[in-house]
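Per my numbering, the sequence shown starts with residue -9, numbered consecutively.
Treat the hints as calculated values from the structure; they're not laboratory data.
It should be emphasised that the depicted structure is a prediction, and the values quoted were computed from it without experimental measurement.
Hints should not be assumed to be uniformly reliable.
[To be verified] Simulated restraints, written as ranges between beta carbons of each label pair: (1) 314 - 147: 42 to 48 angstroms; (2) 88 - 211: 24 to 30 angstroms; (3) 292 - 373: 25 to 31 angstroms.
Glycine included, C-beta positions come from ideal geometry on N, C-alpha and C.
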Amino acid sequence: MRELPWPARVYFVALVGTAGLVIARGLLVHQGLVAEDWSALLVLALLFLLCESVPTLLNVPHVAVSVSFSAALAAVVLVGPEGAALVGLAAVVSVRPGLPMVKRLFNGAQYALCGYAAGWAYESAGGRADLPEPADFPGILVPYAAATVVFVAVNFALTAVILRLASAVHKDQVSLRAMVQFLSSYVGFATFGLLIAALWSTVQSISALLVLLPLFVARWALGHYHAEQRAYDATIAALCQAVETKDYYTRGHCTRVSAASSMIAEEIGMGTERLRAIRYAGMLHDVGKLGVPTKVLQKDGRLTEEEYAAIQLHPMRGLEIVRGIDFLDEAFAGIMHHHERHDGKGYPMGLAGSEIPEFARIIAVADAFDSMTSDRSYRKAKSIEFAVAELRKNAGTQFAPDMVCAFVKALDRYGWDLAQPVPVPPDDSAVETTVKDHDDPTTPIQVVSER
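The whole structure should be built from the sequences, with the hints applied where relevant.
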């Protein structure tokens, strides 16, 4: 609590205080309830607590998703706004290990407010807090949908504000995009909440147990999917690290090309799955360097035709290395063709214009930009303005004009963090470094004829 900036502390106290008032009102409203109603509250609170205590980590740092959302929405239907607030309060006693009391209080308070707001939306849309009857369907669907939307929206807003206010302490914790992914994943669990409420009128509290199994199957599937994504990322990172050991001065190049490629892809409106694929393609675009002799990469002066042919083959070598990695999908085309030129004078196949795959046209721009704006053994990094001017000058010859235009727009919108200067290693003789960068359009590789 002490590490939080004062605006975050004020917000935290106000949130907890508001939730306390809602809970106090809920206790007063439910004073006259019979034992059956209190048992429903207890069962739903236990179900909420159980789900909240075993969240699934996503492939976004510091973000997890809990299926407790289902129990909270079931409470909205069965016990009303105040009852849903009481159920959400169970997050305070979550048995998640290592969770500080401040976070427990925040979670309990915001879930209580989310439950109350969702209950209010449910009743405002014509819903009635009681055991649903067969005649209530399908009319109950509209109020229930309203409750779902309000719960997600309030949850997003309350969490986003505290993250924003606490950004002075945790600047890199969770991005806005990650929060959208986090909260949108809850919507799929809404149907389980309605199923609990619908079954309650026939099997009472056993309905929670009946839904518990598919809930945890869904949790396991979600966790398995994101564990698989993390394994994919680890595989890509390992391959990138292997590539960058060939050249001391290209450390971080793969990551930056991946980021620049993603900026272009987002600017031209690529979907989520293709965005992931272009990110992988950017990371692995130079993996074929592993198949190029180090003495060729490090040679000073002009290359022989045979040596230059070895350089030109590195995209094909890269494809051979990663061909067996099924999840790369469309990334293969980006790896294979990122050195093709718009005018058809590139390699390895001399494709031109629209013949060049879209991924390759994107990576070509991102690759050249990062090469120009990064330190190399033979020169210092160029400025962003210089690199952009060079891209524009070569648009229509080396680069696809639409991709250059998209990248410049993305740069204007988001900016670019320049690569950090590479420190001179204490022992130059122990460092592998490329003498000329084949990605740098300002310093083309020169070839001497062997004839």
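Status of each hint after checking the structure:
no. : hint                          : result
1   : 314 - 147: 42 to 48 angstroms : 45 angstroms, holds
2   : 88 - 211: 24 to 30 angstroms  : 25 angstroms, holds
3   : 292 - 373: 25 to 31 angstroms : 28 angstroms, holds
Of the numbered hints listed earlier, not one is contradicted by the structure.
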